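A.B. asks: If you want the building blocks of each chain, they are given just below.
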Amino acid sequence: KQEVTQIPAALSVPEGENLVLNCSFTDSAIYNLQWFRQDPGKGLTSLLLIQSSQREQTSGRLNASLDKSSGRSTLYIAASQPGDSATYLCAAYSGGGADGLTFGKGTHLIIQP
Amino acid sequence: GAGVSQSPSNKVTEKGKDVELRCDPISGHTALYWYRQSLGQGLEFLIYFQGNSAPDKSGLPSDRFSAERTGGSVSTLTIQRTQQEDSAVYLCASSLVLVTGELFFGEGSRLTVL
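Heads up: the sequence lines are chains F and P, in that order.
The first sequence begins at 1 in the working numbering and counts up one residue at a time.
The second sequence begins at 1001 in the working numbering and counts up one residue at a time.
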C-alpha cells in the first residue's frame, strides 16, 4: 500500500528565503504526483502536477521535481513571501481508481515578515 | 461554474440527525471525488464518481454514509443518524479526467455533530 510522507510537519522561515519542501513515497510505480496548498479553513488549491514521464514542473516562483527511482518529490519556493504561508500537501497516484491517490499529511509553512 | 462549489459551508447538527452535503463540480468534469479531513489528520478518501457511476463504495466509513451523482453533475453525500465522530470537513473535488488529470477542490463543508 502506498504511503506518502512529508517532512518536516512544520517549517518557519524569514521572508525572502528560498526553501524546499519534501515529499517521499514508498511505491515508486506512480503515474503522477500533485502538489497542493491549503489555507486555513479552505479547500485545496492545485499548484503543480507532474506526470511520471516528467522530471519537473515550474509555475512562477514554484518548481516541483520528481525522482521516481528514489521515491521523492520536492517543491522549491523561491524568494518566499508572507502570502506563501499555508499547508502544502503532496499526493501520489498509483493507479486503479481514485482510491489510488494517496495524500501526505502536509507541511505547515510560516513565512515570517 | 468557475470552480467547485460546496454547500453548506458550515453545518451544526444534533447526534442522530441526517445531513446532506452538496457538491457542484466544474462544468464538463467527468470525475468527482469526496474526501474527509479531520482536525490534524490527512485526507481520507470516501468515494469517487466517473459520470454518475461510483465503481467502488468501500471507502465509505459505514453504511450510514451514501452518495449519489445525477446528470453527471451535482453530487450529494448523505450521512444518516450522525455521530460525533462524523464531525470533520468534507471536501469535494473534480477533474476533467479520472485521477490522471489535475484535481480542483471546493472550499469544503464543515460538519459539527453535537
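These aren't lab readings, by the way, just hints derived from the structure by calculation.
Be aware that one or more of the hints could be misleading.
[Said to hold, decoys possible] Straight-line Cα separation of at most 25 Å, BS3-like style, residue types lysine-lysine; simulated pairs:
1. K1057(P) - K1(F)
2. K1(F) - K68(F)
3. K1057(P) - K105(F)
4. K42(F) - K1011(P)
5. K1(F) - K105(F)
6. K68(F) - K105(F)
7. K42(F) - K1(F)
[Said to hold, decoys possible] Some chain F residues flagged as far from chain P (calculated, every beta-carbon gap over 12 Å):
8. V4
9. E15
10. L44
11. L48
12. K68
13. K105
Just so you know, these numbers come straight off a predicted model, no measurement behind them.
Glycine is no exception: its CB is placed at the ideal position from the N, C-alpha and C atoms.
A.B. asks: To test your reading of the hints: which numbers does this structure violate?
C.D. replies: 7, 8, 10, 11, 13
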